[in-house]
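Asks: Letter by letter, the chains look like this.
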Amino acid sequence: DTEVTQTPKHLVMGMTNKKSLKCEQHMGHRAMYWYKQKAKKPPELMFVYSYEKLSINESVPSRFSPECPNSSLLNLHLHALQPEDSALYLCASSQGDSVGYGYTFGSGTRLTVV
Amino acid sequence: EDQVTQSPEALRLQEGESSSLNCSYTVSGLRGLFWYRQDPGKGPEFLFTLYSAGEEKEKERLKATLTKKESFLHITAPKPEDSATYLCAVQAGSGGYNKLIFGAGTRLAVHP
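Protein sequences, first through last, are from chains S and R.
Mapping of the first sequence onto our numbering: residues 3 to 116, in sequence order.
Mapping of the second sequence onto our numbering: residues 1450 to 1561, in sequence order.
Since the hints were derived computationally from the structure, they do not count as laboratory data.
Where hints are given, some of them may not hold.
[To be verified] Capping the alpha-carbon separation at 30 Å, the derived lysine-lysine pairs in DSS-like fashion look like this: (1) S:K43 with R:K1508; (2) S:K42 with R:K1512; (3) R:K1491 with S:K43; (4) R:K1528 with R:K1491; (5) R:K1491 with S:K11; (6) S:K20 with S:K42; (7) R:K1518 with R:K1506; (8) R:K1491 with S:K40; (9) S:K55 with R:K1491; (10) S:K42 with R:K1528; (11) S:K43 with R:K1506; (12) R:K1518 with S:K40; (13) R:K1491 with S:K21; (14) R:K1517 with S:K42; (15) S:K42 with R:K1518.
Note that the structure is a prediction, hence the values are computed from the model and not measured.
Using the sequences and the hints given, assemble the complete structure.
Replies: Written out as structure tokens, the structure is:
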């Protein structure tokens, strides 16, 4: 298995809702990432998990809460989002958190906040 | 500050018309340079990793090269299916982690 699987593919949520994005990989990768991508912009790093521990938080608002229950699974919990949070949310994984390892990206979750 | 700049922002080619995309970078200690292809609404798809100046890699109609200041993605005799956004990203030593810094991308359109 050489894929990163993200669910759901599309999500529409109200500003008072609570929802979660899910990411799964079975490649034995020990680093996992959340990126946010707005239309016609490059991906922007949000969080890095290394060996199931949060190692980087790029000053992301607390309405985004990451969780790594095990080495294969990464969640992003969403609460009280704003319309400007609408974007493509990408999960990625890599073999380790040392330099030189490329990322494998999932297909993303298209999030719309209404 | 680490920076990655891609040019052109958009490129329109006729099928079979070869061209090059540019990625220039200013980073403190390049550890790796990556090229990705991204189709609309999809995640980036890995193409190449380059680690040192002078390195070249090829895959079908694509060839990536690296110098000390920039990388080029050469597209030879492109086909319409090569239409996509091509992203360049670097890993810098200052990050301390496996952190990719992306350029804004080049949107390539190949017309029959």
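Asks: Confirm or reject each hint.
Replies: Going down the list of hints, with the structure as the test:
1. For a cut-off of 30 Å, the pair hint linking K43 of chain S to K1508 of chain R stands: about 26 Å separates their Cα positions.
2. About 24 Å separates the Cα atoms of K42 of chain S and K1512 of chain R, which keeps this hinted pair within 30 Å; it holds.
3. Among the hinted pairs, K1491 of chain R with K43 of chain S is consistent with the structure: their alpha-carbon atoms are about 13 Å apart, no more than 30 Å.
4. As the CA atoms of K1528 of chain R and K1491 of chain R are separated by approximately 20 Å, the hinted pair is consistent with the 30 Å bound.
5. Between the alpha carbons of K1491 of chain R and K11 of chain S the distance comes to roughly 10 Å, so the proposed pair stays at or under 30 Å and holds.
6. With a CA separation close to 27 Å, the supplied pair K20 of chain S and K42 of chain S stays within the 30 Å bound.
7. Among the hinted pairs, K1518 of chain R with K1506 of chain R is consistent with the structure: their alpha-carbon atoms are about 17 Å apart, no more than 30 Å.
8. As the CA atoms of K1491 of chain R and K40 of chain S are separated by approximately 12 Å, the hinted pair is consistent with the 30 Å bound.
9. A threshold of 30 Å between alpha carbons decides the hint, and for K55 of chain S with K1491 of chain R the separation of about 27 Å falls inside it, so the pair holds.
10. This hinted pair checks out: K42 of chain S and K1528 of chain R have alpha carbons roughly 22 Å apart, not beyond 30 Å.
11. Using a Cα cut-off of 30 Å, the hinted pair K43 of chain S and K1506 of chain R holds, with the two alpha carbons roughly 26 Å apart.
12. As the CA atoms of K1518 of chain R and K40 of chain S are separated by approximately 28 Å, the hinted pair is consistent with the 30 Å bound.
13. Between K1491 of chain R and K21 of chain S the alpha-carbon distance is near 21 Å, which keeps this suggested pair within the 30 Å criterion.
14. At roughly 28 Å between alpha-carbon atoms, K1517 of chain R and K42 of chain S fall within 30 Å of each other, so this suggested pair holds.
15. For the given pair, K42 of chain S sits about 25 Å from K1518 of chain R by alpha-carbon distance, which is consistent with the 30 Å threshold.
Violation of the numbered hints given earlier is absent; every hint is satisfied by the structure.
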